[in-house]
Amino acid sequence: MDLLVTPFSSNGFMLQALIAGSLVSIACAIAGTFVILRGLAFIGDALAHGVLPGIAVAILVGFPGIIGAAIGAAFMIGGITLITQRSRLSSDTAIGLLFIGMLSLGVVIVSRSNSFSGDLIRILFGEIFGIGIPSILIQLVATVVIVVIAVICARPFLLLSFDPEQAEVAGFSVRLYHNVMLFMIAITVIVSFQTVGTLLVFGLLIAPAGAGALLARRIEAMMAWALVFGILSVYSGLLISYYFDLAAGASIIMVTVVIFFIVFIVKNIRHHRVAYPRELTHG
Amino acid sequence: MDSQKNAVSLSTVGVQSLTPSTDDVFFVEAKQLNIGYPNEVVVADIRFELRQGKALALIGTNGSGKSTLLKTIVGLLSPLGGKISVFGTHPGNNPRRIAYLGQFHASGFILPLRAVDVVRMGRFPLRGLWGRIGRQDDEIVLSAMRTMGIEKLMDSPLWSLSGGQQQRTYIAQVLAHQADLLILDEPTSGLDAGGRELYLQAINDELRRGASIIVATHDIQEEAALCHQVMLLARKVVAMGAPQDVLTPGALLETFGIVITGDKKRLAVLEDRHGHDLPGLNEPKH
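Chains A and B, in that order, give the protein sequences. For the first sequence, this note's numbering assigns the number 29 to the initial residue and increments by one for each residue that follows. For the second sequence, this note's numbering assigns the number 3 to the initial residue and increments by one for each residue that follows.
It cannot be assumed that every hint is accurate.
To be verified - Selected chain A positions facing chain B (in silico; Cβ < 7 Å):
(1) Gly199
(2) Val202
(3) Arg245
(4) Ile247
Said to hold, decoys possible - The calculated label-pair distances, taken between Cβ atoms and stated as ranges, are:
(5) A/Ile161 / B/Ser191: 42 to 48 Å
(6) A/Thr112 / B/Glu141: 39 to 45 Å
(7) A/Arg301 / B/His220: 38 to 44 Å
(8) B/Glu141 / A/Phe272: 45 to 51 Å
(9) A/Ile180 / B/Trp161: 25 to 31 Å
(10) B/Arg148 / A/Thr34: 54 to 60 Å
(11) B/His220 / A/Ala249: 34 to 40 Å
(12) A/Val294 / B/Val43: 36 to 42 Å
(13) B/Asp207 / A/Val169: 49 to 55 Å
(14) B/Trp161 / A/Gly124: 28 to 34 Å
(15) A/Val173 / B/Arg148: 39 to 45 Å
(16) A/Gly106 / B/Asp47: 55 to 61 Å
Just so you know, the hints here were simulated from the structure itself, not pulled from any lab data. Here the structure is a predicted model, which is why all the values come from computation and not from measurement. Even glycine gets a Cβ: it sits at the ideal position worked out from N, Cα and C.
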């Protein structure tokens, strides 16, 4: 038992990492659920990478990375909206264009930095052990904002996921609530990048919620599962990193994906078992 | 036809649960209305009026403009020209009073929703962002599910239901709204005989309650015959009026065009139903 608790009780960095990771898990459970239900995985991924040049510039000029990330995200969403509204291109083409454009811009900017590879790895994979109290507080505020948005917008978000036309006819503006949803996803990505990095935040956004979707009958349950899987991943990922001296962010994300596949396999075996007798009665 | 007379007579006396409205106020009124998409007029010069407690059936092939008209009425599409008012104002201004059943549902397979959650969404327009969905709402939801015979499927996940059961769930959602105006796009698609029976009964009850209905349908014999007015659409208004006046073989031929002339068996069925000879066709009945 000590092996599971001591790393956190005796090591301040580990405890802070656990707290920060858990806050990211809460935000990702909520935002990730809607990313999956609304089919926004690509835009979520693009946002996660689109913030890169913003962070890179911020690092170069000595600004907090979070401000750069926010500007990058705003630019990304604005660009996607502009291209889809002003051309006949579908949104995934617009997302793809901006995604790759921002990513390469980010790498080009970082390549001007003296510690090119160090900075890039820090941005892409996070710095979970370098999280300070101020960052945790920012993460806490962001998580509260996300929870508040999800509670206030529960009905329009549900209708939007079910059928956008129904949402519009029911009096909930699709454009407004879609943008609120994107805003919520953007906040999640922006404040999570320090913990797990821009590359890996996407994993925490979709893997726990995806596993939740396989198990849940209700959206609330899906979020609850996503939360449990997210925190479990952070906790066990940190432990693995601690004992085997592995990269923490990547370990966490690896666990989320492993959990997804365990749920997927168990679910399929159970489904097969349930389906088999039914086949017998039919045959 | 009995059910039609029944619906008409009851609807004129039995307006209980709706806001009283004078008979000369139209729920929906269209004048020289052009509908379609930017750069593409689908149907031009539509004129009709719909009063409280009345039903209008839109009949036509795929692409004839039925869904486009319904979407214009609920405010999903802007009119391209002319005038349309719904409850005396712009379409889309009265979400509390309008229930809409679209033809396609984007819900997909992953949405973790139980049947009851879907039906409960029918109460959202009335309760808005904050309003509590209380016991009274739950009773209405349950009653709507009973009406469509799916109360035993309440807790079943939506994805586990058959296509027909899902359609019943969507219809129950519309009924749970208890709206003044029901806009239904091919509501009987995928329904089995039992489901259609329950649906027709429910529509009768809605009319009796004082609601108005506009429905896009292929069902000439039962559903359209139950309506007070029928509009035949073929990217233009072919005919408009009472079912017995409009559902003539000639008008149907113009509406369905090639589809019917190419299908002798269906033609014969239509002849049987309507007791007319279809123009230009002297083939023996099969």
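Checklist entry - Hint by hint, which ones does this structure get wrong, listed from lowest number up? => result 2, 5, 8, 12 and 16
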